[in-house]
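Peer 1: Sequence:
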Amino acid sequence: MRKKTFALLAMITMLAGLFAGCVKTAEVQDNTAVSTPTGAPAPTESSNPTPTPGGFRVGSQVPDSFENYGQTSEENYMERDFTISEKPFLKAAGKVLRDDFGTGDLVQLKGTNVGGYLLQEFWMTVGAYTANVTAEEDVYRVLTERFGKDEAMRLVKLYQENFFTEDDFDYCRELGMNCLRLPFWYRNIVDENGEPYEDWFELFDRFVENAGKRGIYVILDMHGAPGSQNGSDHSGKDGHDEKMAASEFFFGDEAVVKANQELYYKIWEIVAEHFNGNPWVAGYDLLNEPYCTFRYNTGLPDSELHEILWTVYDEAYKRIRAIDPDHVIIMEATWNASDLPAPERYGWENVMYQYHTYLYDDYDNAKGRQIANLRSRVNNTRGGNYNVPSLLGEFALFNALTAWDEGVKLVNNSGMSWTTWTYKTIASVGNWGLKHTKDYNLNLETADLAQIENAWTKVREASDNTGLAKILSKYYKQVYVEMK
Numbered sequence: 027m028r029k030k031t032f033a034l035l036a037m038i039t040m041l042a043g044l045f046a047g048c049v050k051t052a053e054v055q056d057n058t059a060v061s062t063p064t065g066a067p068a069p070t071e072s073s074n075p076t077p078t079p080g081g082f083r084v085g086s087q088v089p090d091s092f093e094n095y096g097q098t099s100e101e102n103y104m105e106r107d108f109t110i111s112e113k114p115f116l117k118a119a120g121k122v123l124r125d126d127f128g129t130g131d132l133v134q135l136k137g138t139n140v141g142g143y144l145l146q147e148f149w150m151t152v153g154a155y156t157a158n159v160t161a162e163e164d165v166y167r168v169l170t171e172r173f174g175k176d177e178a179m180r181l182v183k184l185y186q187e188n189f190f191t192e193d194d195f196d197y198c199r200e201l202g203m204n205c206l207r208l209p210f211w212y213r214n215i216v217d218e219n220g221e222p223y224e225d226w227f228e229l230f231d232r233f234v235e236n237a238g239k240r241g242i243y244v245i246l247d248m249h250g251a252p253g254s255q256n257g258s259d260h261s262g263k264d265g266h267d268e269k270m271a272a273s274e275f276f277f278g279d280e281a282v283v284k285a286n287q288e289l290y291y292k293i294w295e296i297v298a299e300h301f302n303g304n305p306w307v308a309g310y311d312l313l314n315e316p317y318c319t320f321r322y323n324t325g326l327p328d329s330e331l332h333e334i335l336w337t338v339y340d341e342a343y344k345r346i347r348a349i350d351p352d353h354v355i356i357m358e359a360t361w362n363a364s365d366l367p368a369p370e371r372y373g374w375e376n377v378m379y380q381y382h383t384y385l386y387d388d389y390d391n392a393k394g395r396q397i398a399n400l401r402s403r404v405n406n407t408r409g410g411n412y413n414v415p416s417l418l419g420e421f422a423l424f425n426a427l428t429a430w431d432e433g434v435k436l437v438n439n440s441g442m443s444w445t446t447w448t449y450k451t452i453a454s455v456g457n458w459g460l461k462h463t464k465d466y467n468l469n470l471e472t473a474d475l476a477q478i479e480n481a482w483t484k485v486r487e488a489s490d491n492t493g494l495a496k497i498l499s500k501y502y503k504q505v506y507v508e509m510k
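Residue 274 in the numbering used here is what sits at position 248 of the sequence shown, and the numbering runs on without skipping anything.
If you're looking for bench data, these hints aren't it; they were derived computationally from the structure. All of these numbers come straight from a predicted model, not from anything done at the bench. Accuracy of the hints is not assured; some may be wrong.
Pairs of lysine to aspartate or glutamate, EDC-like flavour, derived with a Cα cap of 16 angstroms [stated by the list, open to error]:
| id | residue 1 | residue 2 |
| --- | --- | --- |
| 1 | LYS117 | GLU479 |
| 2 | LYS183 | ASP131 |
| 3 | LYS239 | GLU299 |
| 4 | LYS239 | ASP217 |
| 5 | LYS113 | ASP126 |
| 6 | LYS503 | ASP431 |
| 7 | LYS183 | ASP231 |
| 8 | LYS113 | GLU299 |
| 9 | LYS461 | GLU432 |
| 10 | LYS461 | ASP196 |
| 11 | LYS344 | ASP390 |
| 12 | LYS500 | ASP431 |
| 13 | LYS239 | ASP176 |
| 14 | LYS183 | GLU228 |
| 15 | LYS496 | GLU432 |
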């Protein structure tokens, strides 16, 4: 839920205010809060006034301990030796992932998201929010109007080529990651007419190949579906105050919804056919944060929202399985375990369930609410008791590095796989990012060609957020001992 629709949270911490939509909050190495530009993530569990069956709400009583796989101390870990598996293909084996097609060693995925790379979010990237540019679809439109389609696509590729380079892969390996979640927009694969680009796969292939050479798995995450699944900027389309109406992947004209969903299935068929058999793709992440900020404000009962979403997941599962029988398929809850079905209901096999959590409160964890929220998420996830692996695909712990240390240890010890949000951000949003770039505040409506080229070339220049990196690396480098 990190990204998002940018409603201003009337909350000010020391140096700055914080905006919440579906995104995340800012943190810095000296633990001083900084402002998050409009367009950060939106509230999640904390926005639900009453818990759904089997769910929880922030502030509810939760036990101090949580179910894990049997280990409770650092003695249950060993340091990773970084030997790359000769049989890396992952499959689900009960509640865990194992390599060698599900028969080998246990693998706990640990890493980060590469947000802002294939789908910009201006609250954390080098662009500026302007009246007509608030999401990725606006980037394509404005650049095309100003410079023509070919030049627009050249500029987009220039940004992508510089945002994440071989040096970044090396740094992720150095920190000890074994997983990168790669958010993508549907327009990275198809054009405005829904036809696949002839070279769509080149960037994806390069990313997966470079990761695999370093023993790093890649989760392919459909972050922005045709028509938008949540109307938030992180889906590539910003519905502003009308996010549900803008979510034409689910709602609105029936013919439009049907066409958007059919294109979505087509894209997953294209991706599955291309990556079928590739051992370094950890899984296909079907849909990021469906409904997101309006999850509890649709006026529809949970049963109807569940049926809408689960029907899409089931059809995507069937389309992919007809092409690729082996890759893990990842399905996300919005926001609790009770928002996903028992996999047996649909006959789903080799699937992983995913959860996100952010608490826009107590940013310094002075009252312990950041950790309580994370513990609630772990409890809720384990309490679902589905016989599938679990992934905490997005989370952040904001200002206090001590909270990061305690919280990541908690998640790590739970046995869940996990990826933080996110790898690279502008420096002003602090601990949202492991790497910090300069904020060029680039106005795409007025900047000339040279200014755009300069800013989008220099996104490769980034400094290390060393305090956060040191903490995360400690847990990245631990190998989870075989479960009891």
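Peer 1: Keeping to a limit of 16 angstroms between CA atoms, is the pair of LYS183 and GLU228 held or broken?
Peer 2: 11 angstroms, holds
Peer 1: Can the restraint linking LYS239 and GLU299 be considered satisfied, given a maximum Cα separation of 16 angstroms?
Peer 2: Violated, because 22 angstroms separates the two Cα atoms, which is more than 16 angstroms.
Peer 1: Does ASP217 lie within 16 angstroms of LYS239 when you go C-alpha to C-alpha?
Peer 2: Violated, because 30 angstroms separates the two Cα atoms, which is more than 16 angstroms.
Peer 1: Please verify whether LYS183 and ASP131 have alpha carbons no more than 16 angstroms apart.
Peer 2: The hint is violated at about 38 angstroms.
Peer 1: Please work out if LYS503 and ASP431 have their alpha carbons no farther apart than 16 angstroms.
Peer 2: Answer holds: LYS503 to ASP431 is near 14 angstroms, not above 16 angstroms.
Peer 1: Would the hint linking LYS183 and ASP231 be met if the CA-CA limit is 16 angstroms?
Peer 2: 15 angstroms, holds
Peer 1: Next pair to validate is LYS113 with ASP126; report whether the Cα-Cα distance is within 16 angstroms.
Peer 2: This hinted pair holds, its Cα atoms lying about 5 angstroms apart.
Peer 1: Does ASP196 lie within 16 angstroms of LYS461 when you go C-alpha to C-alpha?
Peer 2: 13 angstroms, holds
Peer 1: Run the distance test for LYS496 versus GLU432: straight-line Cα separation, threshold 16 angstroms.
Peer 2: Cα-Cα ~13 angstroms, so holds.
Peer 1: Starting from LYS113, check that the Cα of GLU299 is at most 16 angstroms away, please.
Peer 2: Distance of about 21 angstroms is beyond 16 angstroms: violated.
Peer 1: Hint check: LYS344 vs ASP390, CA-CA at most 16 angstroms. Holds or violated?
Peer 2: Violated, at roughly 44 angstroms.
Peer 1: Does the structure keep LYS500 and ASP431 at a Cα separation of 16 angstroms or less?
Peer 2: Cα-Cα ~9 angstroms, so holds.
Hints 1, 2, 3, 4, 8, 9, 11, 13 from the list above are not met by this structure, while the remaining hints are.
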